[in-house]
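Put together the whole structure using the sequences plus the hints.
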Amino acid sequence: MAMSRDEIQQQVQEVLVEALGVDDDEVTAEATLMGDLGAESIDFLDIVFRLEKAFGIKIPREELFPAEDLMNNSELIHNGKLTEKGLAELREKMPHTDLSEFEKDPDINKMGDLFTVNAIINYVENKLNAA
Amino acid sequence: MRWIWIDKFIQFESGKQAISLKNVTLAEEHLHDHFPGFPVMPESLCIEAMAQTAGILVGEAKKFQEKVILAKIKKAVFFDYVKPGDTIKLEAKIESIAPEAAGTSGRITCSDKLVAEIDLMFSHIDQNLAGKEFPEENFVFGSDTSVFQSLLRDVLAGAGKKSEQD
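Going down the list, the sequences are from chains Y and Z. In this text, residue positions in the first sequence follow this note's numbering: the first is 1, and each later residue adds one. In this text, residue positions in the second sequence follow this note's numbering: the first is 1001, and each later residue adds one.
None of these hints come from the bench; they were simulated from the model. One or more of the hints may lead you astray.
[Unchecked claim] Think about it this way: if two alpha-carbon atoms lie no more than 20 Å apart in a straight line, the pair counts; the simulated SDA-like pairs of lysine to any residue are:
1) Z/Lys1062 <-> Y/Leu70
2) Z/Lys1072 <-> Y/Ser41
3) Z/Lys1132 <-> Y/Phe102
4) Y/Lys53 <-> Z/Glu1117
5) Y/Lys85 <-> Y/Phe102
6) Y/Lys53 <-> Z/Glu1100
7) Z/Lys1089 <-> Z/Gln1127
8) Z/Lys1072 <-> Y/Glu52
9) Y/Lys58 <-> Z/Glu1095
10) Z/Lys1132 <-> Y/Asn109
11) Z/Lys1072 <-> Y/Asn109
12) Z/Lys1113 <-> Z/Lys1072
13) Z/Lys1093 <-> Z/Glu1048
14) Z/Lys1132 <-> Y/Gly112
15) Z/Lys1062 <-> Z/Gln1127
16) Y/Lys58 <-> Z/Ala1098
17) Y/Lys53 <-> Z/Lys1113
18) Z/Lys1075 <-> Y/Glu14
19) Z/Lys1083 <-> Z/Cys1110
20) Y/Lys53 <-> Z/Ala1098
21) Y/Lys53 <-> Z/Ser1096
22) Y/Lys58 <-> Z/Pro1099
23) Z/Lys1132 <-> Y/Glu62
24) Y/Lys53 <-> Z/Ser1105
[Unchecked claim] What the simulated footprint calls covered on chain Z by chain Y, stretch by stretch (three residues with Cβ under 8 Å from a Cβ of chain Y suffice, anywhere in the stretch; the number is not a length):
25) 1068-1074
26) 1098-1107
27) 1120-1128
Using N, Cα and C, we set each Cβ at its ideal position, and we do this for glycine too.
What follows is the structure, encoded as structure tokens:
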């Protein structure tokens, strides 16, 4: 029953096309959900619901898009940037996301760029493999 | 006073699905302008009727404690006109429900003919991800739910026995 990465990618793409009303070719692996695909907060929940349906998985709140928890914790943010502790927390919460670029300048305003199509594909893949 | 745009529920399965009816009449003034000589129910108001049907379904699922706000029209496709004299049937189903939001799917039919497919997202706004705060008073459902009781009169009358079994 294992799905290949290509199959997962295709399904994720379909989910995003339907949830965000974008074209297939806009949903590249590097595309950011907010910046490139125009997702708003309610869209994130829509995406979570659709992913749960499409892949038959359960996605706990904050697991796929955990940023809000961090944002509200002053210990983890200093001068608009994530502290070392904040980064450590983020790494732990977003193992499915490549943080190497972000770590160079962990400006919280750039946190939205971490939510890429690729991060979703990684997340789903981990989730399916763990099942 | 609340603006209720559906007439009654004929089926209501808590947390799952509901069916409501709306009678469309030429006494609705907007139909004279939409359009002169060709009165048809505006599609935006078909969406409103579905939003009320699905919104009450979602609200009831949390015992009317959440402030349920229409947050997104996921899909609205129309296949036919709704005209004065029509009774439309609105079927709404909860597809997903979480602490912060719910997704519903819905169909509108008229004499068993498909009129529209409308899928919606509702936010429980006190549980919003941005942590924004709203007035404590429930301005969506209020403290007086008698208007919903009246919409549910047929269902309540017929369902007494069924709910005892559940």
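A quick look at each hint next to the structure:
no. : hint                    : verdict
1   : Z/Lys1062 <-> Y/Leu70   : violated (28 Å)
2   : Z/Lys1072 <-> Y/Ser41   : holds (11 Å)
3   : Z/Lys1132 <-> Y/Phe102  : violated (27 Å)
4   : Y/Lys53 <-> Z/Glu1117   : holds (19 Å)
5   : Y/Lys85 <-> Y/Phe102    : holds (14 Å)
6   : Y/Lys53 <-> Z/Glu1100   : holds (17 Å)
7   : Z/Lys1089 <-> Z/Gln1127 : violated (31 Å)
8   : Z/Lys1072 <-> Y/Glu52   : holds (18 Å)
9   : Y/Lys58 <-> Z/Glu1095   : holds (14 Å)
10  : Z/Lys1132 <-> Y/Asn109  : holds (18 Å)
11  : Z/Lys1072 <-> Y/Asn109  : violated (25 Å)
12  : Z/Lys1113 <-> Z/Lys1072 : violated (26 Å)
13  : Z/Lys1093 <-> Z/Glu1048 : holds (16 Å)
14  : Z/Lys1132 <-> Y/Gly112  : holds (18 Å)
15  : Z/Lys1062 <-> Z/Gln1127 : holds (13 Å)
16  : Y/Lys58 <-> Z/Ala1098   : holds (11 Å)
17  : Y/Lys53 <-> Z/Lys1113   : violated (28 Å)
18  : Z/Lys1075 <-> Y/Glu14   : holds (15 Å)
19  : Z/Lys1083 <-> Z/Cys1110 : holds (10 Å)
20  : Y/Lys53 <-> Z/Ala1098   : holds (13 Å)
21  : Y/Lys53 <-> Z/Ser1096   : holds (9 Å)
22  : Y/Lys58 <-> Z/Pro1099   : holds (14 Å)
23  : Z/Lys1132 <-> Y/Glu62   : holds (17 Å)
24  : Y/Lys53 <-> Z/Ser1105   : holds (13 Å)
25  : 1068-1074               : holds (count 3)
26  : 1098-1107               : holds (count 5)
27  : 1120-1128               : holds (count 3)
When each numbered hint is compared with the structure, violations occur for hints 1, 3, 7, 11, 12, 17.
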